[in-house]
Amino acid sequence: MKEELAKRYEPETFEQRIYAMWEAGGYFTPETDPGRPKFSIVIPPPNVTGRLHIGHALVNTLQDILVRWKRMSGFNTLWVPGTDHAGIATQMVVERQLAKEGISRFDLGRDRFVERVWQWKEQHSSEIKDQLTRLGASADWTRERFTLDEGLSRAVRYVFVKLYDDGLIYRALAMVNWCPHCRTAISDIEVEYRDRNGKLYHIDYPVEGSDRRLTVATTRPETMLGDTGVAVHPDDERYRDLIGKNVILPIANRTIPVVGDPVLVDPEFGTGVVKVTPAHDKNDYEAGLRNNLPQLQVIGEDGRMLAAAGAEFEGLDRADARKKVVALLREQGYLVKIDEHLHAVGVHGKCDTDIEPMISRQWFVKIEPLATPAIEAVRSGAVQILPQSWEATYFNWMENIHDWTISRQLWWGHRIPAFHCVNGHTVVSMDDPATCPECGQPMTQETDVLDTWFSSGLWPFSTLGWQGEGHDDTPDLRAFYPTDVLITGFDILFFWVARMIMMGLRFTGVAPFSQVFLNGLVRDEQGKKMSKTAGNVIDPLDVVNEVGADALRFTLAVSASGRDIPLGKSRIQGYSAFVNKIWNASRFALMHIDVELRDAGAIDRDQLRTVERWILSRLNDVTREVNRQLSAFRFDEASNALYQFFWHEFCDWYIEMAKPVLLGKHGSDTDRRVAKRVLLEVLDRSLRLLHPFMPFVTEEIWQKLGGVEPSIMIAPYPIAEDVLEDSEAERLMGAVKAIITTVRNVRAERGFTPKDRFRLYISGHHARELNFFRDSAYVLMELARLNEVVVAGEPPAGTHHDVVEGFHIAIEFPEKEISPEQLEKTRREIEKTTKELASADARLANEEFVRNAPPHIVQQAQARQAELRARLEKLQHNQ
RNA sequence: GCGGGGUUAGCUCAGCGGUAGAGCAUCUCGCUUACACCGAGGGGGUCGGGGGUUCGAAUCCCUCACUCCGCACCA
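For the first sequence, counting from 1, position 461 maps to 832 in this note's numbering; every step adds exactly one.
Any given hint could be a false lead.
Derived lysine-lysine pairs resembling PhoX-like cross-links, with alpha carbons at most 25 Å apart [stated by the list, open to error]: (1) Lys-570 / Lys-378; (2) Lys-721 / Lys-471; (3) Lys-533 / Lys-471; (4) Lys-1206 / Lys-1245; (5) Lys-1047 / Lys-1036; (6) Lys-653 / Lys-737; (7) Lys-1047 / Lys-1030; (8) Lys-952 / Lys-378; (9) Lys-952 / Lys-1108; (10) Lys-1108 / Lys-1030; (11) Lys-1030 / Lys-940; (12) Lys-737 / Lys-694; (13) Lys-694 / Lys-708; (14) Lys-695 / Lys-737; (15) Lys-1108 / Lys-378; (16) Lys-1245 / Lys-378.
In short, the hints are calculated from the structure, not lab data.
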């Protein structure tokens, strides 16, 4: 029976149908008690803020490749999908939406606002699922999770309570990074530093009871309203006598003390005098504590000046206050000068607002007891970070880690399970307390929520049903935890990966995965980061609609090496040609093979001719290569090996060489049957090898091949078999290919057209080889366009001589003037060969080389020398 | 300042001790019924500079230059 493929490759006609078929078949859902090894992986949950971008397409394609490969390789495979509530980010998008309606979240109130966010979430999580579906992601949707799901929320609460009970979570008044726009505290790693051309203002502070003035320098003059001291270095001769005296703060007209502080002050910098604002600068805060300076808060949570700044400043924005302060200072003669000054300013990455350091009461995680085992896990190899160079970065960060600010003044997220009564008692517990256990007063819950990463830190086990003690042994946890691999972008190594390792070790006793693969960042063709403002973003869905998911996936896989992954439409276009090639080659194969050929059983190797043994050997080699590279996360090498094999060996050579037999121009019926059987075999295996990279097109074609399994995605993944390896066939076919190439080459150089046919002479040393060339004459004649192949005959004078892969060949051309270009070409070829031979001679003349180099290298050099020598001799004939 | 990368064909990158590779781009020829999203062929590199180790270095070591990314500091 013959099956047919549509004349054109049109992915839109089958991709969605195929995905529905897989899902209906339940192939994404693993068995619960399989009695075979498992492979599990959890998705880095995308933020529910919006649609997936090309970076998501990359990380999810890589995961799907791995998952499909493992599933076909016989593992009981689970890929858990889901989304992250993304506290600040999601709250911001919904607030922006509200702003368009002219209202703020405060107009709605907490409950109604949160309701709005849930509506947003419902809409977007289904959109995200749809996008992943279009990409072909074989995730188990029956286990889809969301970080705010009931079970995951219980896990979060349990972890908070436990860490609190263990003394690892504490509440304290401390200097934190405050975002006046989002009106919440954020953690240290959420602050991004941007270089900015700012100004350095030099201001005079008059010394009390003297006409001396101390000049301080600052980039933030508005904070002077909150100054409570001035510091100098205690060893600085210039100012030592002033320590203990007071200066008068201009504008505010307060007196503040001069203190000596060796930590804060670098006498070499600026004037050597530093104003101290303990309430609005991290270093000043600490200096204030050291020197008993009061903390005077002059900037509020919204970034506007407070009454403490002075009546004329109250309510002014930070930036306006700065202008006013500078104007007044100038007016009153305190402003000495303004220098241009390049410095890094901390901003909130999510909204680009300047961070305001602020003293605030927040919840913290004491991190060191968590970090120490997490460092050890990587050091011992229990967790392997790949590419390995990232381990140094991991250690560097983990060893200098600071306590983690986990409370956020937001409405969207896991509300902190801490309860307070009017008497200041605090209860942290799994169940909401009715009244205060100490004083019986009613209790109210903390309004703050937790940092999003606090919940995503539990993701690998909370998604599998873990909810703390009593809920830590679910069937899914038993079957799939710890997971095997985590694939994610390197940009969230600290935010997420490190925290999962810490939390996993603390709460489950094991690392949540044994391997972490960090993929690069997708950039545009010029290597620039993709961003909406730059207008260079690629929407993965657009690409899928244009060229199909398989072309996109393959492009991503091939490009997936290095830290930056440049991706442009032209690149994707290039690989869509490959998908098209697969389609057409399969179409050709299907025209010739009968699926019933499978019924005859395995291939009888004794019936195979060299060309067939060759392609099977090559296929076997690529099979070994793909499996090896995939286990090392070398998606680029694996996909490239398949590309090379399928296109440049299978299509360009094997199919062309098989055509004379398949089309009945050469060989017996048996030969034809064997050729068809081999064609089927190679196509079948190739499709299975390609399936993890290009799930849709391989399935569509494979369905026509009459396989046993209902879907290619559950057909066995090919593994290399020693019997298929055939070095003799590889060597001989290598020679045939090289001879054909040489003939084509010389033909073109001599200005002959493909219609001109010649006679070819081949000579060799062994009868076996000569017989092979006699049997393969039809291939040479077809592909090199010859009219005769003479094996072991004596070529007449005037023929073109060459040595190819150790075989002497001669091409008999019709009489034709040799062009000057050709003569020049030959001359250059001789010159080049002479040089190469000289270097080969020199190499072998070196006794130390012969003595020290491994024997096979020496042999190789000798063979090369012999070939070059023979070749040179032949080429000289051609002059 | 601390840590980690990178510098190989016009572009993007692989190779990381034994004859310089791929994709794309470019040039020439060819619509040969699987495919013009194709086929055949060509051109193009002193592997950032300098030094060293080695029989042999793009590959290991030192050094310089340029560049990118973290982290820290920045009155």
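Here is how each hint holds up against the structure:
| no. | hint | result |
| --- | --- | --- |
| 1 | Lys-570 / Lys-378 | 68 Å, violated |
| 2 | Lys-721 / Lys-471 | 19 Å, holds |
| 3 | Lys-533 / Lys-471 | 42 Å, violated |
| 4 | Lys-1206 / Lys-1245 | 16 Å, holds |
| 5 | Lys-1047 / Lys-1036 | 14 Å, holds |
| 6 | Lys-653 / Lys-737 | 19 Å, holds |
| 7 | Lys-1047 / Lys-1030 | 10 Å, holds |
| 8 | Lys-952 / Lys-378 | 12 Å, holds |
| 9 | Lys-952 / Lys-1108 | 21 Å, holds |
| 10 | Lys-1108 / Lys-1030 | 16 Å, holds |
| 11 | Lys-1030 / Lys-940 | 35 Å, violated |
| 12 | Lys-737 / Lys-694 | 40 Å, violated |
| 13 | Lys-694 / Lys-708 | 15 Å, holds |
| 14 | Lys-695 / Lys-737 | 41 Å, violated |
| 15 | Lys-1108 / Lys-378 | 30 Å, violated |
| 16 | Lys-1245 / Lys-378 | 48 Å, violated |
Of the numbered hints given earlier, the model fails hints 1, 3, 11, 12, 14, 15 and 16; all others are met.
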